[in-house]
Amino acid sequence: MPYIAAGDPDLATTAEIIKELSSAGVDLIEVGFPYSDPIADGPVIQASYTRALDKGLKVEQIFETVQKLTTAEDSLPPLVAMVSFAIIFRVGPEAFIKKAEVAGFSGLIVPDLPGDEAEEFAALISGSSLDLVQLIAPTTPDHRVEKILNTASGFLYCISVAGITGARDELPPELNDQLRDLRSRTDLPLAVGFGISKPEQVDILRDVADGIIVGSAIVRHLENVTDDASKAMALKAIRQMADGLVAATHRS
Amino acid sequence: MSSPFLSSPHTVATSQVPDERGRFGEFGRRFVPETLMHALEDLTAHYANVKQDAEFQMELSDLLREYVGRPNPLYFAERLTEHAGGAKIFLKREDLNHTGAHKINNALGQALLTMRMGKKRVIAETGAGQHGVATATACARFGLPCVVYMGEEDIRRQKLNVFNMKLMGAEVRPVTSGSRTLRDAINEAMRDWMSSVKETHYIIGSVVGPHPFPMMVRDFQSIIGLETRLQALEHTGSLPHEVIACVGGGSNSAGMFYPFVDDKNVVLTGVEPGGKGSAPGEHASTLVHGEKGVLHGSYSYVLQDSSGQTSDVHSISAGLDYPGVGPEHSYWKDTGRVNYVNCSDDEALEAFQLLARTEGILPALESSHAIAHGIKAAGKRSKDENVVICLSGRGDKDVYELARILRKDI
Ligand SMILES: Cc1ncc(COP(=O)(O)O)c(C=O)c1O
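Listed in order, the protein sequences are those of chains A and B. Take the first sequence: its letters are residues 1 to 252, numbered as in our numbering. Take the second sequence: its letters are residues 1001 to 1410, numbered as in our numbering.
If you are wondering where the hints come from, they were derived from the structure by calculation, not from laboratory data. Model, not experiment: these values are computed from the prediction. Careful, some of the hints might be misleading.
[Claimed, not checked] Calculated lysine-lysine pairs in the DSSO-like style (CA-CA distance at most 30 angstroms, straight line):
1. K1051(B) / K1159(B)
2. K58(A) / K1276(B)
3. K1051(B) / K147(A)
4. K98(A) / K236(A)
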């Protein structure tokens, strides 16, 4: 399950990447809405957001691009928007949900809307076709897990490390225990994200997770895109990476 | 824009806020990643404990007396009053605190709390550097390791404070993302906290951020208003007619205003940085020009564009150069309890020099905003009325920047 930030380096490229990832056979694609103050994101994704925003990217344009894609392509995997509540609130929660539905998104991940604050938004979204994906962190205590499961739908986003996004060499040893515990408490699919970049990490998680989210390791390839040649190289590198990860998830 | 589920009507401001979810009327709450939620719950519980704990409160008030030098005076500024030509002007001398600003009141409170929670490391953000210095000071005093995040632009503007922090053993980490000012320093501190939350306490420097920070920082700063009340009664036999303070994130003003919230006859005025003009990017007047939104984990007024991206802001004073404001101020604005106005860079510069010449006091550029408006407000009042201005900090840190702007050599 790859993650990319919309509009880096431009929306046309975002659309091409989504098609490329789709033909690599990924299960789901997360589309990040660039935000000026992303406190959960590490330097790679922050920089990607900044590149997109510096070009004057508007929320409306992301919806337009995604709508064109979902209308034109019928074999796309589900697209899920990763978006700060700051942006949702500014657009208006109902309006945002409607626009996301029309664009063809399947769900929303709102990283700064924790379970406690999500009740009202979850109620709004339950009247739509969208899922509200909730996050669980390594620091989440038991009593919070219960609350979060109550408002989650779609799948559960399990944050692998206490910290920000960004590729890491190792995953914490407690992760597998936490995933097993969650598995016993919910039927929602479990996706693991933050810090994952390598097929070997996928190997470790394959038996305990239903999906694996890779962000910074993909976004990093867009850092040096300046012209058509560098763009073609980036697309090729992203495709290779996606192929490797898809192969790793299907190994058994 | 008001969404149906965030709004809850409120008409009259009270001091009985926030509720257990951190709501000041509709404002506040906790819009942060799940990774931080447990730490915030934990902090809320610990803070509730120490608030009731006589021993903790005694320890803090001893420190404020013996180490900070409180109570500081409520000083009658006779020549400034003459200059303004109206109400008597009193200055609450937070500039005389150890480290030279109100920030130490909060830093010491939170440092004591850090030790109560058994946490071993402290991080902080700083704009003007006053909160960074206050936190570095508290950490030196208690032997806690301390990392301060500071925007590159602010490091340039506030060299003296950077040097001071390092002298006290703090590590100052330059922040190079975004506008390289206070807002980005808060982002970086939050990111650090996401990875270090088990061992680390984040001593936030103003009444901003997720619950319980806005409440806790207000409480620690309320000593300003509590002393002012008593001193005003002592000096003049009555409460002041108007109380004025500058508003960046809003901590010196919240600490000054909060003890007066239920005294309906006391006019409360917050002064925001008007910068160079009223166009986006030229000022940092969040309450005067902003709209409701979410920033740094809390729902409040924000300077933002139509897509919810935070706007760039400008102020001559690094400590006021911030596109957000504490949620309690948004509540006070919407209930009409506090008036929010602004004053320009130039007016603040003029007030700085005026206070130096009339009273022999160098105010911080932040506080100069309150002085500038205070002179105008006092001028419109009769001579038998009293106006209090919060002199939140001293101006030593600003003299290099001032010399640069006035094209004078030091
Ligand atoms: C002297 C002084 N006054 C005011 C401020 C603004 O902060 P607040 O609005 O939280 O009091 C600062 C911040 O750095 C400061 O140093």
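Evaluated hints:
1. K1051(B) / K1159(B): Not OK: K1051(B) and K1159(B) at ~36 angstroms, beyond 30 angstroms, violated.
2. K58(A) / K1276(B): holds (27 angstroms)
3. K1051(B) / K147(A): holds (28 angstroms)
4. K98(A) / K236(A): violated (34 angstroms)
Checked against the numbered hints listed earlier, the structure breaks hints 1, 4; every other hint is satisfied.
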